[in-house]
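Next come the chains, spelled out residue by residue.
Number of protein chains: 2
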Amino acid sequence: MRVLMIGAGGVGDAAARIAAERDFFEAWFVADYDLTRAERTVAAVQSRSAKESRFTALQVDASSATAVSELATEVGATHVFNAVDPRFVMPIFEGALAAGADYLDMAMSLSERHPEEPYARAHVKLGDRQFAQQESWEQSGRLALLGIGVEPGLSDVFARYAADHLFSHIDELGTRDGANLVIRDDAGNEIFAPGFSMWTIIEECLNPPVVWERARATRPDGTVDLDRGFFTLPAFSDPEMFDFPEGIGPVECVHVEHEEVLLMPRWVDAEKVTFKYGLGAEMIAMLKTLQTLGLDSTTPIEVKGVMVAPRDVVAAALPDPGTIGPRMEGNTCAGLWVTGTGKDGRPRRTYLYHVVDNADSMRDYDAQCVVWQTAINPVVALELLASGVWTGTGVLGPEAFDAAPFLDLLAAPRPQGYGSPWGMEDR
Amino acid sequence: MRVLMIGAGGVGDAAARIAAERDFFEAWFVADYDLTRAERTVAAVQSRSAKESRFTALQVDASSATAVSELATEVGATHVFNAVDPRFVMPIFEGALAAGADYLDMAMSLSERHPEEPYARAHVKLGDRQFAQQESWEQSGRLALLGIGVEPGLSDVFARYAADHLFSHIDELGTRDGANLVIRDDAGNEIFAPGFSMWTIIEECLNPPVVWERARATRPDGTVDLDRGFFTLPAFSDPEMFDFPEGIGPVECVHVEHEEVLLMPRWVDAEKVTFKYGLGAEMIAMLKTLQTLGLDSTTPIEVKGVMVAPRDVVAAALPDPGTIGPRMEGNTCAGLWVTGTGKDGRPRRTYLYHVVDNADSMRDYDAQCVVWQTAINPVVALELLASGVWTGTGVLGPEAFDAAPFLDLLAAPRPQGYGSPWGMEDR
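So the sequences go chain by chain: F and E. Each residue of the first sequence is one higher than the one before, counting from 1 in the numbering used here. Each residue of the second sequence is one higher than the one before, counting from 1 in the numbering used here.
Hints listed in this document are in silico derivations from the structure and should not be mistaken for laboratory results. Some hints could be false.
It does not matter which identical chain is meant; a pair holds if it fits inside one copy or across any two.
[Claimed, not checked] In silico DMTMM-like cross-links for lysine to aspartate or glutamate, where the CA-CA straight-line distance does not exceed 25 Å:
#, residue 1, residue 2
1, K272, E213
2, K288, D186
3, K288, E252
4, K288, D320
5, K51, E39
6, K304, E70
7, K288, E190
8, K343, E213
9, K304, E94
Here the structure is a predicted model, which is why all the values come from computation and not from measurement.
Could you build all of it, start to finish, from the sequences and the hints given here?
Here it is in structure tokens:
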């Protein structure tokens with residue numbers, strides 16, 4: 001396996017550090033628009049293991065499918081692993097196919113609001129542009145594995161696991177994400193610095209959240225139309241206190257737009273699919289202010305003679321999420337709340353989850369917990385693809401694969417597995 | 001009198017419209033960095049009075065004292081009137097002196113925080129850099145009239161009026177500013193759009209507010225040190241509900257950094273000088289969010305290959321305050337709350353104020369009320385200087401001049417006066 005990873009931001013950097021401990025690939029190319037970032041990641045990997053020669057830093061323009069394709073061909077990539085922000089999904093996705101490589105990402109092609117009823121009807125949904133190319137991928141015999149970070153990614157693996165091993169009927173697949181992370185400045189005062197790209201947080205949280213419900217997917221004649229099951233809500237809808245495990249406790253969660261809602265109904269039977277994010281009151285107020293001030297906009301405006309998109313400025317003004325690990329404390333939790341009927345025929349309510357303590361990811365990988373938790377899952381998936389435990393062609397989500405070997409490999413102690421256990425709580 | 005007005009934003013544009021009705025000057029040059037803005041202002045003036053030939057549009061770089069000086073010399077300006085944002089005070093101020101012209105502004109040179117105790121001790125204060133050049137202005141026999149907008153400006157005229165005509169002893173000179181303005185989008189929904197430059201609002205409100213108190217200005221030996229009377233507070237200190245007249249009603253006011261506190265103690269006797277702004281809870285929350293996100297910063301950062309200051313982006317993302325008049329409803333009130341002992345020896349508490357209804361400023365001048373209320377005062381001052389009623393040399397505030405003729409000319413019906421009455425309420 002020869003991996004071309006595009007993007008050496010926080011997640012790409014952590015993925016390289018995790019991959020460096022594994023034997024399943026022969027080469028890992030780290031490409032970034034900014035070559036010095038790619039070089040920094042390769043240097044970090046080599047400083048952890050001096051004889052590591054499988055990693056190479058390269059420059060690439062991820063906005064150009066041609067540039068991606070040419071580079072993938074040049075380095076003989078078998079897998080193109082997209083680790084940049086979701087604006088670049090389509091050129092990388094198309095560049096990989098043109099080069100005859102398999103493809104993985106951790107976020108899907110962007111949505112577009114319904115022009116008349118943005119807070120009621122779905123329009124162009126997350127991933128629609130990728131699933132539209134399903135036939136080309138199948139015909140070429142190549143695999144595009146979409147959404148294989150932590151959320152989407154591990155959450156989708158949990159969905160498949162719940163359907164196969166825990167439930168005979170699922171009412172709701174509800175991804176619930178929460179944390180108790182605190183970031184401090186040099187003087188020890190708590191500061192605001194999100195653990196993930198603020199560009200993406202704004203995109204997820206201010207877009208109309210999407211929900212899938214089977215009830216809405218039934219036509220008058222009784223046949224089921226998958227697409228009709230999707231509808232949207234106003235941002236920050238249905239606040240709910242969700243109790244997160246391992247000391248995090250209750251956090252206010254609201255609906256946001258997220259890939260799981262688009263992926264899970266394609267492969268897993270359920271009555272309803274939702275995603276709620278534990279934003280907390282402070283972040284919700286901030287996002288509302290950004291919206292009120294027009295600072296969520298991605299349309300460039302003229303500012304003193306230069307053109308910039310306000311949202312890019314908001315993201316650039318905050319600390320780089322990849323650099324805040326040393327100043328962070330606490331746990332982050334990704335998980336799936338499943339309700340329905342258990343294999344024994346009795347009502348069941350189970351939370352499947354994965355918690356990472358920032359102190360652990362910093363100690364073992366010098367990576368902050370939120371980006372590390374995202375980065376580990378595509379590496380596990382690549383290893384399962386390299387060993388042939390996972391196989392497939394076409395455009396697929398994580399739910400299309402057997403969940404058990406993924407969860408086993410993730411949890412097994414190092415060096416056999418990845419040493420990152422997941423948990424399960426019946427409530 | 002030949003006026004070189006620098007800046008054709010909202011305030012400059014309104015000042016030109018007001019001035020066009022008066023006879024006291026022979027030429028009014030409208031100069032802007034963006035020539036099309038200057039031309040738009042001149043076209044607006046000429047569309048209101050076809051035979052108006054005193055106005056000319058010009059281009060200038062206000063960040064260059066040399067450019068300002070050369071232009072002022074070229075057009076034979078007797079008065080340079082600064083109508084741009086306060087970052088450009090120093091080059092315009094210095095350019096005017098170099099050209100041998102008098103100078104007026106509506107905001108003073110910017111402050112700098114105390115490096116160790118920003119929320120306790122004043123450091124470089126508003127206007128300090130201008131007052132430092134007092135000697136050069138006096139020696140050249142030229143006048144620099146600082147802070148002659150509405151606040152600072154009319155508020156300072158009220159202070160002098162209160163001292164001369166209403167009070168024998170003043171405890172507090174407290175500028176209090178509030179409004180009940182609402183801005184609507186095309187569909188009639190209320191939207192957020194400040195009536196004044198967001199750049200300046202951030203500067204005023206997030207800088208440590210400055211207060212002057214005589215008690216703190218007394219040395220152990222009993223002599224008074226003016227400078228020691230200034231101290232600072234944390235932003236948004238001492239919230240107070242102030243009841244504004246003419247239907248506005250109670251608005252929550254907090255301390256902000258403002259020129260009046262620096263000007264009034266130089267010419268008017270009082271125990272304490274404060275400025276409180278009726279920001280309201282929504283604006284306070286927004287400003288705190290901008291600060292938390294680092295979007296108040298004026299230091300350029302790199303965003304996708306270009307350098308921009310986040311605060312410039314915040315200002316640019318909002319509607320131009322000069323354009324929102326047609327969508328605005330309500331009244332804006334500027335005024336001075338004076339407490340102390342009246343001329344009759346009895347306790348007195350008086351609010352001197354000036355209220356503008358947006359409907360009136362739109363009807364008569366096609367200008368929104370907040371910028372119009374700022375713009376009228378320097379025009380009145382220029383007329384008093386042209387007629388010789390006001391005279392002076394050196395760097396002076398509005399308090400240094402007799403208040404009565406100013407207030408009379410402002411309030412007298414058009415066309416003799418400016419037809420904009422002020423009010424007084426004893427409480």
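Evaluated hints:
In this assembly of identical chains, the alpha carbons of K272 and E213 lie at most 25 Å apart only when taken from the same copy (4 Å versus 65 Å across copies). Taking CA atoms no more than 25 Å apart as the test, K288 paired with D186 passes between copies only; the shortest distance there is 21 Å, against 29 Å inside one copy. Taking CA atoms no more than 25 Å apart as the test, K288 paired with E252 passes in both settings, with 16 Å inside one copy and 22 Å between copies. Taking identical chains as interchangeable, the C-alpha atoms of K288 and D320 lie at most 25 Å apart whether they share a chain (22 Å) or sit on different chains (21 Å).
For a Cα distance limit of 25 Å, the shortest separation of K51 from E39 inside one copy, 16 Å, qualifies, whereas the shortest one across copies, 68 Å, does not. Within a single copy, K304 and E70 get their C-alpha atoms only as close as 37 Å, which misses the 25 Å cut-off; across copies the closest is 23 Å, which meets it. Taking the shortest alpha-carbon separations for K288 and E190, both the intra-copy value of 22 Å and the inter-copy value of 15 Å come in at or below 25 Å. When the C-alpha separation of K343 and E213 is checked against a cutoff of 25 Å, the pair qualifies only within one copy, where the shortest distance is 22 Å, while the shortest distance between copies is 76 Å.
Taking identical chains as interchangeable, the C-alpha atoms of K304 and E94 lie at most 25 Å apart only when they sit on different chains, with a minimum of 23 Å there against 36 Å within one chain.
Against the hints set out earlier in the document, no violation occurs for any number.
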